[in-house]
Amino acid sequence: MIKDFGKYVIMFIVLVLVQVLILDNIQFSGLVNPYIYILFILLLPFTIPGYFLLGLSFLLGISIDIFNNTPGVHAGATVLLGFLRPGVAQLISSREIIEKGNTPNMRQLGFASFIKYTVISVLVHHLFLFYAETFSFSDFFETFLRYILSSVFSIVIILASQFIVFKN
Amino acid sequence: MRSLFRFLLRNYFVMMFLILEIISVILIVSYNNYQRVTFINSSNNLVGSIYNRFSTLDDYFSLGRTNARLAAENASLRKQLQLRIALQEKYPVNRPDTVDAPAYYFTSAKVISNSVNKQSNYISLNKGSRHGIKPDMGIIDADGVVGVITSVSPNYSTGLSLLNRRLSIPAKITKNNAFGALVWDGEHYNTADLKEIPFHIMVNVGDTVVTSGYSNIFPEGIMIGTIKNYDVESGTNFYNIKVELSTNFKTLKYVEVVKNTKRAELIKLESNNVGE
Numbered sequence: 001m002i003k004d005f006g007k008y009v010i011m012f013i014v015l016v017l018v019q020v021l022i023l024d025n026i027q028f029s030g031l032v033n034p035y036i037y038i039l040f041i042l043l044l045p046f047t048i049p050g051y052f053l054l055g056l057s058f059l060l061g062i063s064i065d066i067f068n069n070t071p072g073v074h075a076g077a078t079v080l081l082g083f084l085r086p087g088v089a090q091l092i093s094s095r096e097i098i099e100k101g102n103t104p105n106m107r108q109l110g111f112a113s114f115i116k117y118t119v120i121s122v123l124v125h126h127l128f129l130f131y132a133e134t135f136s137f138s139d140f141f142e143t144f145l146r147y148i149l150s151s152v153f154s155i156v157i158i159l160a161s162q163f164i165v166f167k168n
Numbered sequence: 169m170r171s172l173f174r175f176l177l178r179n180y181f182v183m184m185f186l187i188l189e190i191i192s193v194i195l196i197v198s199y200n201n202y203q204r205v206t207f208i209n210s211s212n213n214l215v216g217s218i219y220n221r222f223s224t225l226d227d228y229f230s231l232g233r234t235n236a237r238l239a240a241e242n243a244s245l246r247k248q249l250q251l252r253i254a255l256q257e258k259y260p261v262n263r264p265d266t267v268d269a270p271a272y273y274f275t276s277a278k279v280i281s282n283s284v285n286k287q288s289n290y291i292s293l294n295k296g297s298r299h300g301i302k303p304d305m306g307i308i309d310a311d312g313v314v315g316v317i318t319s320v321s322p323n324y325s326t327g328l329s330l331l332n333r334r335l336s337i338p339a340k341i342t343k344n345n346a347f348g349a350l351v352w353d354g355e356h357y358n359t360a361d362l363k364e365i366p367f368h369i370m371v372n373v374g375d376t377v378v379t380s381g382y383s384n385i386f387p388e389g390i391m392i393g394t395i396k397n398y399d400v401e402s403g404t405n406f407y408n409i410k411v412e413l414s415t416n417f418k419t420l421k422y423v424e425v426v427k428n429t430k431r432a433e434l435i436k437l438e439s440n441n442v443g444e
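Protein chains in written order, with the numbering used here: chain A, 1 to 168; chain B, 169 to 444.
Bear in mind the hints are in silico, worked out from the structure with no lab data behind them.
Check before you lean on any hint, since a few could be wrong.
[As the list claims (entries may be wrong)] A few chain A residues that face chain B, going by a derived Cβ cut-off under 8 Å, partial list only:
#1 Asn33
#2 Gly50
#3 Phe67
Keep in mind it's a predicted model, so treat the numbers as computed, not measured.
Yeah, the Cβ is synthetic: ideal placement off N, Cα and C, and Gly gets one too.
Assemble the whole structure, with the sequences as input and the hints as a guide.
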């Protein structure tokens, strides 16, 4: 348990730094900005208590907000993700996997389920994020294009990271 | 009362979600409604030092380009200086007039964080209040306008990049002094919209757009860009002008912060007009 705690603290710090120092600086046509820090929320154990899940979601979002000067935007999106995560987890996997207290990574869930899990999570999170960031529906389709393109990149990077980390 | 508590306890997950989500939405709305940067921003020392560490690493990869730019800027400044000296020799002024001391001073700073692909882009610099940087000072680089400082900590400062729809810069077309407001279009990192130029003014593609100096943040005549294309929306009296920005926001490395020493005086004077 203690070992896991340390592992998650390190993962939190590494994901925030990778996000704000590297991914936020990838300047690819001004349309694409992948956000992969939510991998932290995705990989928390299934048995985590609800208050802890929401608290961590808020903490993670607000950390990104401080670096990006976007108060509330990432926090709101990540809290929404944290709230929906138990539901999404039930949707994509069987009861015994959840109750065994597993971590929802690719090895435990299997390839197809993990892709489903990632895609749903990223789409929900990014939808809130991009419209809250623009703070208007006046450029609806333009924002939608940025939302879809960025989501695709986020999903690809998250899946690729799983292959690299859990190769063995 | 007890059953209310029991209800709240049973549904604590939903309650907690709602509370956190409401906090976030309040932060978002209050930030979007008031033109100010809240306490949650990247000018604090921890975030500043993380960005600073990373940017020193990043520096090595852009040394060549930065040197070339600095050399070009030096050459152009030297040329201006020679012109001044030649004028001075031709029309010597015996007593320099201290009343005409320059209003604008420049402090060089390094960009430690910058983005171009958000809807609200920000820029962080490695100098802060210890170096005399204050909010509402302009940021420029050798090619043109970069942004405006919004908050400072002792060692770092952060501000709105020109690529941020919150920032509107008073601009004018050099050719005919027609003035308007320059706002980013939110689409591309090298174009912005020049607004409020009335229909009767002659506009051509390629005209130079510079700062008008009306904001007393930037001196007059700092380059902003050139007109890329324009059209007239039916039913309005104003042009839709797209300006190609001269500053390359992707390769920003060293900038200058503009201090207007006479700004306080001017604001005080202008505030006299409000009551009348």
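Here is what the structure says about each hint:
{"no.": "1", "hint": "Asn33", "in the structure": "holds, 5 Å"}
{"no.": "2", "hint": "Gly50", "in the structure": "holds, 4 Å"}
{"no.": "3", "hint": "Phe67", "in the structure": "holds, 6 Å"}
When each numbered hint is compared with the structure, no violation occurs for any of them.
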